[in-house]
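*Asks:* Fit chain B to the given chain A structure using the hints.
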Amino acid sequence: MASHDSHTGRLPGLFASPDTSSFTEFLGAYSPQLLPGGRTPPVSRVGDEIPHGTTIVAVSFPGGVVMAGDRRATAGNVIAQRDIEKVFRADEFSAIAIAGTAGIGIEMVRLFQVELEHYEKREGRTLSVEGKANRLATMVRQNLAMAMQGLAVVPLFAGYDEERDGGRIFSYDPAGGRYEERDFHSIGSGSVFARGALKKLYRADLSAEDAALVCVQALYDAADDDSATGGPDLARRIFPVVAAVTSEGYRRLGEDEVGALAQAVVDGRYDSPGGPTAPLR
Amino acid sequence: MPFYVSPEQQMKDKADYARKGIARGRSVVVLQYDDGILFVADNPSRALHKISEIYDRIAFAAVGKYNEFENLRLGGVRYADINGYQYDRRDVTARGLANVYAQSLGTIFTETNKPYEVELVVAEVGEDAETDQIYRLTFDGSVADEHGYVAMGGQADAVAQSLKDGYREGSSLEEALRTAVRALEAQDSERHLEATSLEVAVLDRNREHRLFRRLSAARIADLLAAAGESGGPGGSPGGGDARPVSGAGEE
Chain A
1364 MASHDSHTGR LPGLFASPDT SSFTEFLGAY SPQLLPGGRT PPVSRVGDEI
1414 PHGTTIVAVS FPGGVVMAGD RRATAGNVIA QRDIEKVFRA DEFSAIAIAG
1464 TAGIGIEMVR LFQVELEHYE KREGRTLSVE GKANRLATMV RQNLAMAMQG
1514 LAVVPLFAGY DEERDGGRIF SYDPAGGRYE ERDFHSIGSG SVFARGALKK
1564 LYRADLSAED AALVCVQALY DAADDDSATG GPDLARRIFP VVAAVTSEGY
1614 RRLGEDEVGA LAQAVVDGRY DSPGGPTAPL R
Chain B
4 MPFYVSPEQQ MKDKADYARK GIARGRSVVV LQYDDGILFV ADNPSRALHK
54 ISEIYDRIAF AAVGKYNEFE NLRLGGVRYA DINGYQYDRR DVTARGLANV
104 YAQSLGTIFT ETNKPYEVEL VVAEVGEDAE TDQIYRLTFD GSVADEHGYV
154 AMGGQADAVA QSLKDGYREG SSLEEALRTA VRALEAQDSE RHLEATSLEV
204 AVLDRNREHR LFRRLSAARI ADLLAAAGES GGPGGSPGGG DARPVSGAGE
254 E
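Top to bottom, those sequences are chains A and B.
Position one of the first sequence corresponds to residue 1364 (our numbering), numbered consecutively onward.
Position one of the second sequence corresponds to residue 4 (our numbering), numbered consecutively onward.
Warning: the hint list may mix true and false statements.
[To be verified] Below, computed lysine to aspartate or glutamate pairings styled on DMTMM-like, alpha-carbon distance capped at 25 angstroms:
| # | chain 1 | residue 1 | chain 2 | residue 2 |
| --- | --- | --- | --- | --- |
| 1 | A | Lys1563 | A | Glu1526 |
| 2 | B | Lys68 | B | Asp16 |
| 3 | B | Lys68 | A | Asp1382 |
| 4 | B | Lys68 | A | Glu1483 |
| 5 | B | Lys68 | A | Glu1486 |
| 6 | B | Lys117 | A | Asp1382 |
[Claimed, not checked] Here are some chain B residues the structure puts well away from chain A; computed CB gaps all over 10 angstroms:
| # | residue |
| --- | --- |
| 7 | Ala26 |
| 8 | Asp37 |
| 9 | His52 |
| 10 | Ser55 |
| 11 | Glu56 |
| 12 | Ile57 |
| 13 | Gln89 |
| 14 | Arg139 |
| 15 | His150 |
Hint data in this document are derived by calculation from the structure and do not stem from the laboratory.
Just so you know, even glycine gets a beta-carbon here, dropped at the ideal spot from N, CA and C.
Just chain A, with the same shape it has in the complex:
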C-alpha cells in the first residue's frame, strides 16, 4: 500500500486516480498485477493437471431462483477436492457459480463480489441485474487469452429482479458472450446430463423448495454419467451447495436442509435408479 502513496507529497493515489466506481478499473490503474486480466498467459497450453470445477445448475421459480453446484474438483482422472464450493453469494440479491479452472474462477468470483459492493458503497445504489450481468461478461472476456491456453472459466449468474419479482439466469461463453436463459440452465462437464434432467423435471409453478429438489435431482443425474461430477456423499455428509435468491435476499440452504433433500433423492433412486419418470403423453 505505502509504496504507492509515499513521497508524492500530494494526495495518495487512492483519492486522485481515475474517477470510477468500478473496482476492477481502479485496480487496473493502481495495482494492475492484482488483476487476472493483466497477466501473461502461459506460452504453451496447460493440460488438465490444474483442478477444474464441474457442474452447476440453476432453476427459476415464481419469486426467485435457485442455484446449486456439486462439490467435486478434478485434475485429470484424480479427484483434486471432494468438498470444493463453487456457488457463491455475489451480493444481497444475486448468486454466482463457476465451472472450469477452479483457481481462476474463484479469483474471478472474489473480484466480482468486491466490484458489486464497491459500486454500491460509492454510488449509494446497487447495479441493475443487467448491469451486474454485463460487468461479469467483461471480466470473463478479460480471461480470453488464458482460456485459449486451457485455463477457461465460465460463470453462471442468477439474480432476483425486483421489477419482475422473479429470478433471472445468465450464462456466458469464454469470449465474454452473455446469454439470458429461460427457466433453467446448467454449465460444466456434467451439464448435458443435468440439462436433460432439468428439462423433464422443470415446471413453471415450482415452489422454492421444489426448485431446490429439482437442482439436487439434476446434479445426481450429472454425477451418474459424468465422472468429473460428484454425487451426494452420504458417508461424509458432503452435499451440493444450494442457494436461493428471492425478495428476501440471498440464502444458502443449511446442511440439514440439503442433507434431507439429498437423502430423499438417493432413497428414491433405490426404487428407480433413473430418477422420477416424466409422463409419456
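*Replies:* Then chain B, alone, in the frame of chain A:
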C-alpha cells in the same frame, strides 16, 4: 513584491480558515450504545449523506465541505476494498483507515494553500463496547482516539456539553438516539429536530457480514416515540428495552 510570512502565522491562518468553514455547517454526533455505535446527523437530505458505510464493521461520518469529505469517503472505500481484496476482510481496520486519512489531511494542510474544511469520524464496531474504536480526525491531520461520544461541526462545544450531561454507557438505541437528538438541538435554542430532518445510521454488532445500516424516517420516529414514553435518557433505565432492537431487514 515578495514578502515574508512566518510559518507560525501561515499555519494559524490556515487553521482559522478551516475552523470557520467547519463551524458554518450543522453538527454530527457519534455515540456508543449497547449494541454498537450510533451516528446522527442534522441533515435533511436523503441523497447527500454525511454518514456512510466504509466496510463490514467500519463507518464514516463527516462535517464541513461536501465535495472535500466526499472525496475522502470515496478514497476510504477504495482503501478498504483493496485491502480486503488483497488480504482478508478481517484485515481492514479503522486504525489503518484513520492513518491514511491523517496522512492525507496532514499533507493537504501543510502543502497546499487551502486546507480541507472537514472533520471526520472513523468508527469500527467490535465484539463488545470495550473493543469499539472511534477515531476523530481534524483538518490538519490530527487523530484523537475517542470513547463514548463525539460531537463535531457547528456549535460543537454546546453539542458536546449536552452529550456529556446526557450520555450514559450501555444505553439502549432509543435512549442513545434521544440523547443525540437533544444534543443536536442544543446547537440553537430554537432548534427542534423531526425524524425527517435527521440522518441516522448504526453499526449494529448483532447483524451479520455488513453491520452498517441506515434507519428510515419511520423507524427514527418510532424510536424517538419509544424513548419519549420511557421518559427519555433520564427515565427508568429498563424502559427503553421493552422493545427489542432487532430491526433486521429494516431499511
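*Asks:* The structure should be examined with respect to each hint, and the outcome stated for every one.
*Replies:* Evaluation of the provided hints:
no.	hint	result
1	A/Lys1563 <-> A/Glu1526	violated (29 angstroms)
2	B/Lys68 <-> B/Asp16	holds (18 angstroms)
3	B/Lys68 <-> A/Asp1382	holds (19 angstroms)
4	B/Lys68 <-> A/Glu1483	holds (23 angstroms)
5	B/Lys68 <-> A/Glu1486	holds (19 angstroms)
6	B/Lys117 <-> A/Asp1382	holds (22 angstroms)
7	Ala26	holds (25 angstroms)
8	Asp37	holds (26 angstroms)
9	His52	violated (7 angstroms)
10	Ser55	violated (7 angstroms)
11	Glu56	violated (6 angstroms)
12	Ile57	violated (7 angstroms)
13	Gln89	violated (7 angstroms)
14	Arg139	holds (20 angstroms)
15	His150	holds (27 angstroms)
In summary, the structure is inconsistent with hints 1, 9, 10, 11, 12 and 13 from the numbered list given earlier, while agreeing with the others.
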